[in-house]
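Asks: Sequence:
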Amino acid sequence: MSDQNNFGTSEFNVSEFGTSDFGASDGGKGITRRTALGRGAGVAAIGAAAAFATAVTAAPAAAADALPGTVAGVRIPTSELARSTARFVREVSSGTLFNHVMRTYLFGSLLCDRRDVRYDSELAFVAAALHDLGLVEAYRTPAERFEVDGADAAQRFLREQRMPAERVAVVWDAIALHTNTGIATRKRPEIAMVAMGSAVDFSGNDLRRIPSDALEEILAAFPREGFKQDALDTILSLCRTKPMSVLMHPFAEVGRRHLPEFPVPTVEDLLLAAPFEE
1 MSDQNNFGTS EFNVSEFGTS DFGASDGGKG ITRRTALGRG AGVAAIGAAA AFATAVTAAP
61 AAAADALPGT VAGVRIPTSE LARSTARFVR EVSSGTLFNH VMRTYLFGSL LCDRRDVRYD
121 SELAFVAAAL HDLGLVEAYR TPAERFEVDG ADAAQRFLRE QRMPAERVAV VWDAIALHTN
181 TGIATRKRPE IAMVAMGSAV DFSGNDLRRI PSDALEEILA AFPREGFKQD ALDTILSLCR
241 TKPMSVLMHP FAEVGRRHLP EFPVPTVEDL LLAAPFEE
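Numbering (the numbering used here), first residue to last: 1 to 278.
Everything labelled a hint here was simulated from the structure, so no lab data went into it.
Wrong hints could be hidden among the right ones.
Claimed, not checked - If you anchor each label on the Cβ, the simulated ranges turn out as follows:
#1 E80 with Q229: 31 to 37 angstroms
#2 S212 with R115: 14 to 20 angstroms
#3 S212 with L272: 33 to 39 angstroms
#4 L271 with G69: 50 to 56 angstroms
#5 A143 with L232: 18 to 24 angstroms
#6 E216 with R115: 17 to 23 angstroms
#7 R114 with G226: 25 to 31 angstroms
#8 A66 with F276: 57 to 63 angstroms
#9 R224 with P164: 32 to 38 angstroms
#10 S84 with R114: 26 to 32 angstroms
#11 S84 with F276: 49 to 55 angstroms
#12 E261 with R162: 32 to 38 angstroms
#13 T266 with A138: 28 to 34 angstroms
The C-beta atom is built at its ideal place from N, Cα and C for all residues, glycine as well.
Put together the whole structure using the sequences plus the hints.
Replies: Right under this line is the structure:
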């Protein structure tokens with residue numbers, strides 16, 4: 001039985017929330033910019049920068065039941081699926097990543113609660129908890145965007161948990177779209193919540209909408225623990241190991257700034273290399 005909080009399935013348009021839109025797959029470390037252009041590299045959607053954290057080493061094992069029941073007035077779901085999901089994420093990811101995904105759920109919930117938006121809390125929690133699996137080394141593929149890697153890994157896990165297919169599909173969309181706030185916020189609330197909550201934690205987007213006492217409680221329950229540097233290290237790891245997965249992705253900006261001879265073409269490069277006579 002799902003933990004629910006006034007569940008609703010309508011589109012969730014949060015136009016009054018601030019969203020900054022930014023926004024592929026061809027792997028390989030040895031790909032040059034010229035080679036990528038020669039292949040007519042495909043263009044991926046430009047997404048919004050959202051929340052990412054490092055996840056190379058596993059955190060010490062801990063019981064998922066140790067999660068607090070309520071943080072900043074937000075209830076953490078206690079269904080068997082929610083507990084299994086939290087236990088799984090805690091086992092496979094770093095402590096920094098685990099705390100980030102928990103903050104993502106809490107921030108997203110607070111933003112929705114303040115607007116009386118109805119949502120399925122179990123579905124939102126599971127999607128938020130699993131949304132950065134694509135940053136865990138064990139779930140990275142050689143070529144896909146990390147969002148797709150994460151969505152696919154979450155799908156496999158949830159199928160093993162016998163979650164209904166229609167609910168798994170919502171989680172897949174929430175994870176795949178979480179770096180594209182402009183699209184995610186036009187979807188159902190559980191999808192929008194992951195994008196909004198991760199954006200708060202990554203860049204402080206809409207942080208002004210989180211009451212100071214609630215923020216203090218969230219950070220006490222799930223500390224940041226060097227999140228900024230860990231996130232940067234993770235971004236650079238993806239840029240080094242599978243550069244073409246960040247084609248037309250905001251991470252490419254980081255690669256160009258920090259990595260010499262970064263091979264990924266810019267939007268301008270792709271446009272001018274299009275095989276048309278004009």
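Asks: Run every hint past the structure and note whether it holds.
Replies: Here is what the structure says about each hint:
1. Between E80 and Q229 the C-beta distance comes to about 36 angstroms, which sits within the given range of 31 to 37 angstroms.
2. Range check, S212 to R115: Cβ separation about 19 angstroms, and the 14 to 20 angstroms hint holds.
3. Against the hinted window of 33 to 39 angstroms, the Cβ-Cβ separation of S212 and L272 comes to about 49 angstroms, which falls outside the hint.
4. Roughly 52 angstroms separates the CB atoms of L271 and G69, a value that falls within the hinted 50 to 56 angstroms.
5. In this structure the hint that A143 and L232 lie 18 to 24 angstroms apart at CB holds, the actual value being about 22 angstroms.
6. E216 and R115 have their C-beta atoms about 22 angstroms apart, which keeps the hinted 17 to 23 angstroms range intact.
7. For R114 and G226, the Cβ-Cβ distance of about 29 angstroms falls inside the hinted range of 25 to 31 angstroms, so the restraint holds.
8. Hint check: A66 to F276, Cβ distance near 59 angstroms, so the stated range 57 to 63 angstroms holds.
9. At about 35 angstroms, the CB distance of R224 to P164 agrees with the hint of 32 to 38 angstroms.
10. Evaluation of the 26 to 32 angstroms hint for S84 and R114 yields a pass: the beta carbon distance comes to about 29 angstroms.
11. Separated by about 52 angstroms at the C-beta atoms, S84 and F276 satisfy the suggested range of 49 to 55 angstroms.
12. Under the hint 32 to 38 angstroms, the C-beta atoms of E261 and R162, about 48 angstroms apart, miss the expected range.
13. Checked against the hint of 28 to 34 angstroms, the C-beta distance between T266 and A138 comes to roughly 31 angstroms, which is consistent with it.
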